[in-house]
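Undergrad: Now for the letters of each chain:
Protein chains: 2
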Amino acid sequence: MTNLSVPHLDLPAYIREIGARARVAARVLAGASTQAKNTALLETAAAIRRNADKLLSSNGEDVSAARAAGQDNAFVDRLMLKASSVSAMAEGLEQIASLADPVGEISDLKYRPSGIQVGRMRVPLGVVGIVYESRPNVTADAAALCLKSGNACILRGGSEAWHSNHAIAESVRAGLLAAELPQEAVQLIATTDRAAVGLLATMDRYVDVLVPRGGKSLIRRIADEATVPVIKHLDGVCHVFIDEHADVDMAIRIADNAKTQRYSPCNTMETLLVHAKIAPQLLPPLCRIYLEKGVELRGDAAACELIPQMVAATDEDWTTEYLAPILAIRIVESLDAAIDHIARYGSQHTEAIVSENYANAMRFLREVDSSSVMVNASTRFADGFEYGLGAEIGISTNKLHARGPVGLEGLTSQKWVVLGSGQIRS
Amino acid sequence: MTNLSVPHLDLPAYIREIGARARVAARVLAGASTQAKNTALLETAAAIRRNADKLLSSNGEDVSAARAAGQDNAFVDRLMLKASSVSAMAEGLEQIASLADPVGEISDLKYRPSGIQVGRMRVPLGVVGIVYESRPNVTADAAALCLKSGNACILRGGSEAWHSNHAIAESVRAGLLAAELPQEAVQLIATTDRAAVGLLATMDRYVDVLVPRGGKSLIRRIADEATVPVIKHLDGVCHVFIDEHADVDMAIRIADNAKTQRYSPCNTMETLLVHAKIAPQLLPPLCRIYLEKGVELRGDAAACELIPQMVAATDEDWTTEYLAPILAIRIVESLDAAIDHIARYGSQHTEAIVSENYANAMRFLREVDSSSVMVNASTRFADGFEYGLGAEIGISTNKLHARGPVGLEGLTSQKWVVLGSGQIRS
Numbered sequence: 001m002t003n004l005s006v007p008h009l010d011l012p013a014y015i016r017e018i019g020a021r022a023r024v025a026a027r028v029l030a031g032a033s034t035q036a037k038n039t040a041l042l043e044t045a046a047a048i049r050r051n052a053d054k055l056l057s058s059n060g061e062d063v064s065a066a067r068a069a070g071q072d073n074a075f076v077d078r079l080m081l082k083a084s085s086v087s088a089m090a091e092g093l094e095q096i097a098s099l100a101d102p103v104g105e106i107s108d109l110k111y112r113p114s115g116i117q118v119g120r121m122r123v124p125l126g127v128v129g130i131v132y133e134s135r136p137n138v139t140a141d142a143a144a145l146c147l148k149s150g151n152a153c154i155l156r157g158g159s160e161a162w163h164s165n166h167a168i169a170e171s172v173r174a175g176l177l178a179a180e181l182p183q184e185a186v187q188l189i190a191t192t193d194r195a196a197v198g199l200l201a202t203m204d205r206y207v208d209v210l211v212p213r214g215g216k217s218l219i220r221r222i223a224d225e226a227t228v229p230v231i232k233h234l235d236g237v238c239h240v241f242i243d244e245h246a247d248v249d250m251a252i253r254i255a256d257n258a259k260t261q262r263y264s265p266c267n268t269m270e271t272l273l274v275h276a277k278i279a280p281q282l283l284p285p286l287c288r289i290y291l292e293k294g295v296e297l298r299g300d301a302a303a304c305e306l307i308p309q310m311v312a313a314t315d316e317d318w319t320t321e322y323l324a325p326i327l328a329i330r331i332v333e334s335l336d337a338a339i340d341h342i343a344r345y346g347s348q349h350t351e352a353i354v355s356e357n358y359a360n361a362m363r364f365l366r367e368v369d370s371s372s373v374m375v376n377a378s379t380r381f382a383d384g385f386e387y388g389l390g391a392e393i394g395i396s397t398n399k400l401h402a403r404g405p406v407g408l409e410g411l412t413s414q415k416w417v418v419l420g421s422g423q424i425r426s
Numbered sequence: 001m002t003n004l005s006v007p008h009l010d011l012p013a014y015i016r017e018i019g020a021r022a023r024v025a026a027r028v029l030a031g032a033s034t035q036a037k038n039t040a041l042l043e044t045a046a047a048i049r050r051n052a053d054k055l056l057s058s059n060g061e062d063v064s065a066a067r068a069a070g071q072d073n074a075f076v077d078r079l080m081l082k083a084s085s086v087s088a089m090a091e092g093l094e095q096i097a098s099l100a101d102p103v104g105e106i107s108d109l110k111y112r113p114s115g116i117q118v119g120r121m122r123v124p125l126g127v128v129g130i131v132y133e134s135r136p137n138v139t140a141d142a143a144a145l146c147l148k149s150g151n152a153c154i155l156r157g158g159s160e161a162w163h164s165n166h167a168i169a170e171s172v173r174a175g176l177l178a179a180e181l182p183q184e185a186v187q188l189i190a191t192t193d194r195a196a197v198g199l200l201a202t203m204d205r206y207v208d209v210l211v212p213r214g215g216k217s218l219i220r221r222i223a224d225e226a227t228v229p230v231i232k233h234l235d236g237v238c239h240v241f242i243d244e245h246a247d248v249d250m251a252i253r254i255a256d257n258a259k260t261q262r263y264s265p266c267n268t269m270e271t272l273l274v275h276a277k278i279a280p281q282l283l284p285p286l287c288r289i290y291l292e293k294g295v296e297l298r299g300d301a302a303a304c305e306l307i308p309q310m311v312a313a314t315d316e317d318w319t320t321e322y323l324a325p326i327l328a329i330r331i332v333e334s335l336d337a338a339i340d341h342i343a344r345y346g347s348q349h350t351e352a353i354v355s356e357n358y359a360n361a362m363r364f365l366r367e368v369d370s371s372s373v374m375v376n377a378s379t380r381f382a383d384g385f386e387y388g389l390g391a392e393i394g395i396s397t398n399k400l401h402a403r404g405p406v407g408l409e410g411l412t413s414q415k416w417v418v419l420g421s422g423q424i425r426s
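These protein sequences, in sequence, are chains A and B.
Residues 1 to 426 in my numbering are what the first sequence spells out, letter by letter.
Residues 1 to 426 in my numbering are what the second sequence spells out, letter by letter.
Treat the hints with care, since some could be wrong.
Identical copies go unnamed one by one, so any copy, or any two together, can satisfy a pair.
Below, simulated DSS-like cross-link-like pairs (lysine-lysine); rule was C-alpha separation at most 27 Å, straight line [what the hints assert, rightly or not]:
#: 1; residue 1: K415; residue 2: K216
#: 2; residue 1: K277; residue 2: K399
#: 3; residue 1: K110; residue 2: K415
Hints in this document: simulated from the structure, not taken from any laboratory.
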């Protein structure tokens, strides 16, 4: 890992230099053996455990500075590392080492009438840029996922986590060294200048894809200025639709879990749609649970009539990602009305139907155009670990390339391979 | 098919209106049955056969106008339809009807420890924009591929093919009508104003992907101004590398075919790399064939020494897509040197190695970062039909999403589907 300290900085030249080095390293990484990549990951984990004290004291510097700058508790929480988070970071690296290497896998190899065999080989994307905010553990996670998928990466962490990120970077450097992989495989941008992000996002020649991790304003800003492809989602306005043919107990369990299991994740339900025929039976017991847990309920007129504690929802509520104990509830007359509501107000992230009716479940699965669509399960399952990806670098609501949770496979693409025995075209 | 004739045009409003209509139609198309889509395709084919005379006379108008405008023969060739090209167009539609419908296909459905089943469903991209030049058959081909893959499309053909395109569009309209699919599923932009392309390419809200078909200047212009993703390739500087362990007869056959079978396709070889150890044996008989066929040879110093008729290549030759009977030839000292040459000068389109050595073939396959990489086969096989895609809308050298020949699957993406039985997250 290169960690340049550049006092008098020609920023564009510096970022270009980082890009050019990453491009060279990417070719080495693409051809690196699974064993070399795993050695780098395991040696990085060992170095992180070994350097835990130093890492925690570097993090302490960042935390003190953040407190002195008057940052709030939530911010400090995201920034702060504990002994347990340091070992979780090391375990994360070990776990990524244990995942299957996707690179080089050939699939669907078939003979064609001409006699050639045609298939596809999974290959790294090349150079991945990661832009993130205050969580220092992203430094280790993102580097590990890129490394395992054979990509070089360029990391741009938040300035608040400067010392923490550099301490983690030192361990990555040790890991790469032990595996005899190029230090430029993982580079940390050594400037807090915000303009660096804009330069990275428009450097098509050296960056193949950008993954922003953090709050919506960061992602919006990057998406707006980027000319390189960005793997991202902006909003998670997730819906659960309770069909008229739902099992009421199951519906209550899922609607409760989708909202209250945790309020801040992007896959938490923000709007509950209930079929009019089941609402009188379903909403009173379900809303009792919500109210006991302190969830503020905002409903349309029909819902407010059923539940007196509910306040009237405005049109804005249907498009709001609360990330908080607030829930919008709407009563709909049909499956079509539910699908229409989701198409109009949703963010194409994750939606679920609760229904015992086969045809309705199949229509919802097929017609709802979101990155994850579920039947009889909580939206909270939309997650790389729950889907079996082993780890995730983010969730995408893009339509092209990776959709939904993005793991190692989302950091690769497929090229065509042709195995012949002298065939020519006639 | 909507075919608005707009005398006093507010162009941005008109293009937005087309986009909004396409977006609405896309939802219908995404849920359309395979049968409805096939009916539309077969009825369009029938209408094209039925209206062949009218189509040919409309085309005649375009051809006369092009001749009057002093267009060259190659241009008129691309524009002109014959009775045989009209039936080929109809056959193309019938053939796309016979392909398997990719939409709705669920793959890799697996149980997870939580009890949910997780898999992926293939879904349309939504709205596809196609911008093309003088070939009128693209109107039918592109509409058919988009329709079969469940996408709405917006077509922008060349102004020179105005009458031909509108005549074909009438048949598509009849096909959609017969299948009770919305006319807005296939819209032809009814203006020759060039600014329409720029508007289409930046209308992220209504266009999910753009496919330019035509010459490099068209594609370059669109790629430069587009904010929507573009499926494209700019250059096809394809290489064949003759390894020291090649079978000489096979190498001659492949190198001959890759260059001379046709000169204008993008998958034709433009640079031949030959291992120094085999060059004295290989180049004299191979170059004799080229010279007999009138191919101009441009070589590096070592190659020129072997073949007196060769002229010296400049650095520019290594990056030039001739699309003509000209070939650049370079002698390299090793497999590594060949891979380096391709990485430095190539266009990531299609490259082939000719070798009987297993390790060299495997390294070439793995390390060459092109959309198609071949062993012992002619680069001319890089084609949707030869790969078994049934048809192709273009060839992509993008790294994200579709790479290489793009067929129906490249016009779709995959969303995650979760089938549960009441699971919640703990």
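Undergrad: Please go over all the hints and tell whether each is borne out by the structure.
TA: A quick look at each hint next to the structure:
In this assembly of identical chains, the alpha carbons of K415 and K216 lie at most 27 Å apart only when taken from different copies (22 Å versus 33 Å within one copy). In this assembly of identical chains, K277 and K399 lie within 27 Å of each other by CA distance neither inside one copy nor across copies; the values are 34 Å within and 49 Å between. Proximity of K110 to K415 under the C-alpha cut-off of 27 Å is found in both arrangements, the shortest distances being 15 Å within a copy and 25 Å between copies.
When each numbered hint is compared with the structure, a violation occurs for hint 2 only.
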